[in-house]
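Sequences are here, hints too, so could you generate the full structure?
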Amino acid sequence: MQITAGTTSHRSINQATKTIIKDVIDNINGTPDFLLVAFTPNYQSKEDYEYALAKICEESGTKNVIGGIFPGVATSNELPTTQGCSVMGFKGDEVQIQPPFDYTNVRINPKKGAQEIKNAYKATDKLSKLGFFLTPGPFYQTDAFEQLKVLDTFFAKKFKKMFNLIGRIINKNMGKNGYGSTLFADTILKTLVEDGVKNALGGATIDLDMEKCYQFSGENVFQNALVGTIFSSDKLSFNNNWTFDKSQHSRNFFLTEFLKSSGYVQKINKKPANEAFLELIDISRDLYDEAFGKLSYASLLYLSALENEYEDYVPFVSVCHPILDGVIATVPEKSLCNDNIKADFFTQSGTGIQKSAFECANNLIQGLTDLRFGIFINCSNRLLIAGDKIDKENKLIEQALGEDVPFITLYSGGEFSLINQKPIYSAVSIHGFVAGEPTVNTKNVVF
Amino acid sequence: MSYIQGISSELEDLIFLEDVEASMLFRIDGNVVESCFNKKYSQELLRTVQWCKANVEKVSLEMRSNNLNKVTYELNEFCVLFFVVNSITILTALANQNVNLSLLSIEAKRKSQIIANYL
Numbered sequence: 001m002q003i004t005a006g007t008t009s010h011r012s013i014n015q016a017t018k019t020i021i022k023d024v025i026d027n028i029n030g031t032p033d034f035l036l037v038a039f040t041p042n043y044q045s046k047e048d049y050e051y052a053l054a055k056i057c058e059e060s061g062t063k064n065v066i067g068g069i070f071p072g073v074a075t076s077n078e079l080p081t082t083q084g085c086s087v088m089g090f091k092g093d094e095v096q097i098q099p100p101f102d103y104t105n106v107r108i109n110p111k112k113g114a115q116e117i118k119n120a121y122k123a124t125d126k127l128s129k130l131g132f133f134l135t136p137g138p139f140y141q142t143d144a145f146e147q148l149k150v151l152d153t154f155f156a157k158k159f160k161k162m163f164n165l166i167g168r169i170i171n172k173n174m175g176k177n178g179y180g181s182t183l184f185a186d187t188i189l190k191t192l193v194e195d196g197v198k199n200a201l202g203g204a205t206i207d208l209d210m211e212k213c214y215q216f217s218g219e220n221v222f223q224n225a226l227v228g229t230i231f232s233s234d235k236l237s238f239n240n241n242w243t244f245d246k247s248q249h250s251r252n253f254f255l256t257e258f259l260k261s262s263g264y265v266q267k268i269n270k271k272p273a274n275e276a277f278l279e280l281i282d283i284s285r286d287l288y289d290e291a292f293g294k295l296s297y298a299s300l301l302y303l304s305a306l307e308n309e310y311e312d313y314v315p316f317v318s319v320c321h322p323i324l325d326g327v328i329a330t331v332p333e334k335s336l337c338n339d340n341i342k343a344d345f346f347t348q349s350g351t352g353i354q355k356s357a358f359e360c361a362n363n364l365i366q367g368l369t370d371l372r373f374g375i376f377i378n379c380s381n382r383l384l385i386a387g388d389k390i391d392k393e394n395k396l397i398e399q400a401l402g403e404d405v406p407f408i409t410l411y412s413g414g415e416f417s418l419i420n421q422k423p424i425y426s427a428v429s430i431h432g433f434v435a436g437e438p439t440v441n442t443k444n445v446v447f
Numbered sequence: 448m449s450y451i452q453g454i455s456s457e458l459e460d461l462i463f464l465e466d467v468e469a470s471m472l473f474r475i476d477g478n479v480v481e482s483c484f485n486k487k488y489s490q491e492l493l494r495t496v497q498w499c500k501a502n503v504e505k506v507s508l509e510m511r512s513n514n515l516n517k518v519t520y521e522l523n524e525f526c527v528l529f530f531v532v533n534s535i536t537i538l539t540a541l542a543n544q545n546v547n548l549s550l551l552s553i554e555a556k557r558k559s560q561i562i563a564n565y566l
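The listed protein sequences correspond, in order, to chains U and Y.
The numbering used here applies: residue 1 is where the first sequence begins, and numbers increase by one.
The numbering used here applies: residue 448 is where the second sequence begins, and numbers increase by one.
There may be inaccurate statements among the hints.
Said to hold, decoys possible - Each computed EDC-like pair below joins lysine to aspartate or glutamate, with the alpha-carbon atoms no more than 16 Å apart:
1. U:LYS294 with Y:GLU459
2. Y:LYS517 with U:GLU398
3. U:LYS422 with U:GLU311
4. U:LYS267 with U:ASP339
5. U:LYS355 with U:ASP391
6. U:LYS334 with U:GLU309
7. U:LYS294 with Y:ASP466
8. U:LYS18 with U:GLU58
Derived from the structure by calculation, the hints contain no laboratory data.
Next comes the structure, spelled out in structure tokens:
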């Protein structure tokens with residue numbers, strides 16, 4: 001099996017495309033079976049990405065391409081870039097990669113998106129199967145927060161049932177307008193579990209300005225679509241796993257009042273959530289705005305986590321906007337089942353992030369030998385925390401997988417996995433999958 | 448492509464990043480090897496460039512003696528990022544204070560490695 005991967009950077013998308021074709025696609029003998037293409041968002045215009053994809057499809061001779069935009073992209077052999085692209089090319093019989101599927105209305109109707117994944121998953125009867133999909137990411141425009149102010153009113157606290165519905169309508173409207181959170185991904189995962197899909201890995205495309213995000217399928221560039229494929233093989237096994245930086249657990253708090261439908265937390269520790277959140281992290285409003293204002297007021301270093309039926313801690317991001325009394329939390333509706341929910345705070349650090357990446361990669365290789373390739377979906381928040389030390393994280397992944405194993409890392413706006421039917425929708429985490437030969441257990445028999 | 452054209456192209460890439468105003472490759476004695484500016488540059492920016500030119504020797508000495516790869520300063524409403532390229536050159540990026548320093552430093556690290564290959 002031939003797998004090539006490369007990263008290039010250039011101010012012009014045309015030049016970056018030309019270089020990546022030369023470095024990655026031309027290195028494959030003949031037409032690649034499949035390409036995973038990730039560009040950074042700085043090129044901005046949809047037409048630019050359409051031109052680049054058309055060029056890649058034309059030069060490679062295949063339209064089996066999926067991808068999207070991510071604030072940072074990296075491959076095993078190169079330093080990460082925030083101004084360029086990474087491509088991974090596949091050719092060979094060991095792994096069958098299905099032609100890409102896409103569904104363009106995934107924010108509004110995630111179940112239909114899940115159906116696309118399920119149909120492709122069921123279409124192959126190979127021993128090992130893994131669904132891989134990319135979705136639109138968080139996409140808050142300035143006026144999005146204005147719409148949420150209604151959830152602060154006296155009536156919203158008094159008439160919970162009604163305002164749960166209103167919250168859902170607001171979220172749906174956000175979806176229609178092309179922005180919102182990525183909570184729909186949790187619905188996709190839950191639907192996949194019900195439909196018998198065992199393993200999947202996904203990530204959300206994102207531009208850190210939260211103004212646009214694009215997904216690629218063949219030559220097409222979409223703005224609110226799910227794109228994906230299925231990796232399957234009779235010879236190789238696929239392992240997928242996830243983790244996050246749990247090294248600095250600081251304190252607990254309670255979500256005491258909230259609206260399930262919109263993940264809108266009205267009170268933390270029985271106090272207005274916005275004020276209580278700043279108190280918990282011990283930061284003034286001004287300092288918080290300066291630090292996180294450019295990131296749609298999403299807390300970056302301070303990660304909260306909830307326990308669910310599958311994991312001890314599943315992290316979520318809190319958006320603490322100055323015009324709101326509450327806090328928007330990226331918590332799926334089903335996790336907000338009680339009245340008083342305990343959450344834990346974790347402070348993120350560069351070293352902790354590196355260690356968790358190593359831990360994830362190390363878990364992935366268990367039971368596998370002769371690894372062929374790896375794909376990692378890493379949170380873009382982790383990219384911002386690590387800064388130029390982010391390459392150390394990839395070095396540690398390389399150390400775990402082995403020097404010659406090609407891998408690609410996409411820095412996303414939401415990460416999700418289905419690990420043996422266990423759905424994980426999390427934030428500020430790293431998810432990955434690797435393909436390799438299963439280790440044969442030989443027993444010593446003594447006669 | 449000559450090595451100086453290659454370096455110039457890499458420096459130009461940096462000023463296409465959001466909020467980056469200028470990028471320069473300094474020799475540690477303060478001489479400019481190559482530089483690239485945004486089309487609309489201000490007097491204030493030029494004053495900051497002068498400060499960089501005057502102080503790069505001192506900064507590089509400090510970086511070398513303390514084994515630092517990267518140093519960031521905030522002055523005159525600008526953010527100045529020094530990144531070691533090799534023992535005699537330093538990559539410098541000037542950006543306005545709204546710049547996302549994490550993203551800039553990732554790209555500056557990549558550029559410094561590419562530039563080191565040219566030298």
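Checked hints:
Our distance criterion of 16 Å between C-alpha atoms is broken by LYS294 of chain U and GLU459 of chain Y, whose separation comes to about 25 Å. Between LYS517 of chain Y and GLU398 of chain U the alpha-carbon distance is near 24 Å, which puts this suggested pair outside the 16 Å criterion. A threshold of 16 Å between alpha carbons decides the hint, and for LYS422 of chain U with GLU311 of chain U the separation of about 9 Å falls inside it, so the pair holds. Simply put, LYS267 of chain U and ASP339 of chain U have alpha-carbon atoms about 11 Å apart, close enough for the 16 Å limit, and the pair holds.
At most 16 Å may separate the alpha-carbon atoms for a hinted pair to count; LYS355 of chain U and ASP391 of chain U meet this at roughly 13 Å. The suggested pairing of LYS334 of chain U with GLU309 of chain U holds, with an alpha-carbon distance near 11 Å, which does not exceed 16 Å. A C-alpha spacing of about 13 Å is found between LYS294 of chain U and ASP466 of chain Y, which places the hinted pair at or below 16 Å, so the restraint holds. Proposed proximity of LYS18 of chain U and GLU58 of chain U is supported: the alpha carbons are some 12 Å apart, at most 16 Å.
Checked against the numbered hints listed earlier, the structure breaks hints 1 and 2; every other hint is satisfied.
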